[in-house]
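Trainee: Sequence:
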Amino acid sequence: MACVHAAQPSKAAPTYPAERASLRADIARLDLQGSQEQVFAAMESLRQLALRNGDQDQAQLVELERIFATHDDDAIDASLAAVNAVRAQVRPQASVELQEALSRIYGNLYFDAGNFQLALRHQLEALRLSARLPDGATKAWLYRLGTIAELYNAMGLPKDALRYANQALAGSGTADAPSGNRVSLLGARALALLQLGKTTEAEQALAEAERIDARREPGFNTLRLTANRATVESAKGNPAAALRAIDRLQALAESQDSNYYLTRAQLLRGQARIAQGQLDAGLQDMRGAIATFERLGQMVDVLDGLEREIRILRAQHAWPQAVDVMAQRQELWTQLFRNAQSRTIAELEARHRAESREQRITALATEVRLERARLHSQRLLLALAATVALLAASAAGLLYLSRRRTRRERDRLSHAARHDPLTGAYSRYEFQRRALASGTKEDGRQDGRCLLLLDLDDFKSINDGHGHEAGDAVLKEVVARLRRQTRHADEIYRWGGEEFLLVLSGRDQDALGQDVAAMLDGVSRDPVVWHEHKIAVALSGGLVTHPLSPSWTAPLGDAIRWADSALYAAKRAGRRQVLQVTVTSLGEQALSGRRPIDTVQLQDWVRQGYAQLTTVQASHPPTA
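Take 15 as the starting number for the sequence shown in the numbering used here and just add one per residue.
Keep in mind the hints are simulated off the structure, nothing from the lab. Among the hints, erroneous ones may be present.
Here are the computed lysine-lysine pairs in the DSS-like style, where the Cα-Cα straight-line distance is at most 27 Å [to be verified]:
#	residue 1	residue 2
1	K548	K153
2	K173	K153
3	K250	K173
As the structure is a computational prediction, the values presented were derived from the model and not from experiment.
With the hints as extra help, turn the sequences into a complete structure.
Mentor: And the structure:
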């Protein structure tokens with residue numbers, strides 16, 4: 015009897031987003047359970063997949079993570095050069111993930127190199143960008159706060175370290191906050207309290223961290239906490255307990271093959287031995303550890319070791335030796351400052367190369383279009399010249415038509431540069447052109463305007479759930495709805511991605527609040543219909559007047575930065591709202607024209623009474 019087999023349906027090939035998500039999940043799993051070689055192999059597979067699909071941002075993101083994962087502390091400049099090489103290829107409109115990774119990795123490398131100011135600048139930028147990450151925003155935000163707290167501890171600014179650690183600890187109870195992050199935050203809090211002389215509170219924070227870590231497999235955090243325990247016991251005047259902690263630290267470091275913590279144990283052992291009266295032996299241990307840290311490129315720990323040695327020599331009244339170590343520390347600071355200058359220049363050059371490359375591409379594309387228009391016009395003129403002897407009147411008419419067509423082509427190109435091709439809103443280039451033309455880019459003398467920076471909520475979920483064509487349709491409809499809610503003199507700019515900047519004119523405060531609420535209602539009241547799908551839309555935003563106050567002629571760029579900080583404060587406050595930020599009379603005197611570095615600083619200024627936030631909300635929730 016013949017057997018008949020039913021045809022099996024063929025499986026559709028996985029899409030690029032699905033393949034990318036699968037490889038990302040593999041990398042996360044291997045990072046916890048696999049070998050380093052397996053992680054790097056999976057990262058290379060992801061990079062190659064991204065290149066085949068034209069996803070330059072993902073390929074560059076993988077390359078940055080690989081550079082950081084393989085960097086050596088004694089070859090920081092080589093790693094920074096590699097990061098700069100990637101930075102030179104990054105587009106100005108790069109994804110938020112890529113921008114955040116650049117700032118984070120620059121900050122971490124500068125931290126390892128002992129360039130604290132550069133590290134802080136990049137870590138604060140990474141903190142700002144973390145709020146915009148489509149995936150893992152809370153986790154990234156907490157880790158950045160923890161790193162900034164550690165950085166302030168290393169800079170000898172314990173009050174700032176404590177402020178950032180406390181803010182992170184307040185948010186680390188969420189479901190997607192890893193316990194390891196809370197352990198490191200408690201450790202940073204303990205060290206900050208210790209520097210402030212609050213030994214009892216430092217002991218409590220460290221004990222809580224140790225209780226959490228005891229439920230986990232011994233790892234990096236265990237090493238760090240054990241070193242912190244030795245430091246706390248030394249500060250409490252208990253060198254015997256400190257030595258017991260150091261013995262545990264050495265055993266853990268040997269089992270995990272950690273040269274760094276073996277050297278750290280040697281430094282702490284020297285300090286404890288000095289507390290027991292063994293000055294010469296203790297100094298020998300400490301100086302040996304400092305020399306090893308310098309050889310390993312751990313400049314933060316070199317500075318820490320020198321600071322500890324100076325304090326000990328002062329306490330022992332060994333003034334000549336203390337002066338010698340202070341001179342050594344000063345020489346190291348000078349070297350680090352020079353390194354910071356050269357590294358900053360290299361980073362700026364990489365950024366300039368990226369911007370120049372993008373400008374060259376844009377200029378070449380414009381030149382090609384203009385050349386095509388010129389050749390087209392030239393061909394018409396040649397045809398006209400062949401006909402002119404036969405029909406002069408017709409030739410004159412054709413010449414007129416040719417010139418008019420050339421003018422239309424020129425006008426079309428000018429319009430394309432000044433408008434966003436998708437939504438029809440003005441382009442960011444047009445905003446800069448108008449700002450320069452009106453003389454408001456560098457001063458705030460033009461008044462009577464408000465800047466409203468809007469961001470479409472949950473836009474990534476629209477793209478993921480319905481596709482990019484649906485996302486484009488939503489962007490076009492949002493701009494159309496905003497136009498219906500704005501006045502003729504108002505201006506709408508596509509600021510980037512799903513962000514829009516509105517310049518509103520001729521409104522008092524009452525009318526401004528009513529009009530902004532009407533905009534939110536007008537956008538969110540009805541869903542966007544796309545191929546029988548109803549897509550709910552809503553906006554978050556930040557609003558400022560320009561100038562910020564009658565006596566504060568801040569640059570236009572500063573006003574936009576205030577609006578940007580208010581926008582991300584609105585995102586953190588639950589989205590679907592606009593926060594208007596105003597400077598109080600107290601703030602005018604205290605801030606002296608400063609702008610917020612990030613949303614955290616803006617919230618601090620609000621708490622101190624320097625600024626205030628006013629909420630504007632839609633009267634109707636978005637409908638689907």
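Trainee: All the hints need checking, so say for each whether the structure fits it.
Mentor: Hint by hint, here is what the structure shows:
Of the supplied pair hints, the one linking K548 and K153 is violated, its CA atoms being roughly 32 Å apart against a limit of 27 Å. Only pairs whose Cα atoms come within 27 Å are accepted, and K173 paired with K153 is accepted, the gap being roughly 23 Å. Of the pairs offered as hints, the one joining K250 and K173 holds, with about 20 Å between alpha carbons and a cut-off of 27 Å not exceeded.
When each numbered hint is compared with the structure, a violation occurs for hint 1 only.
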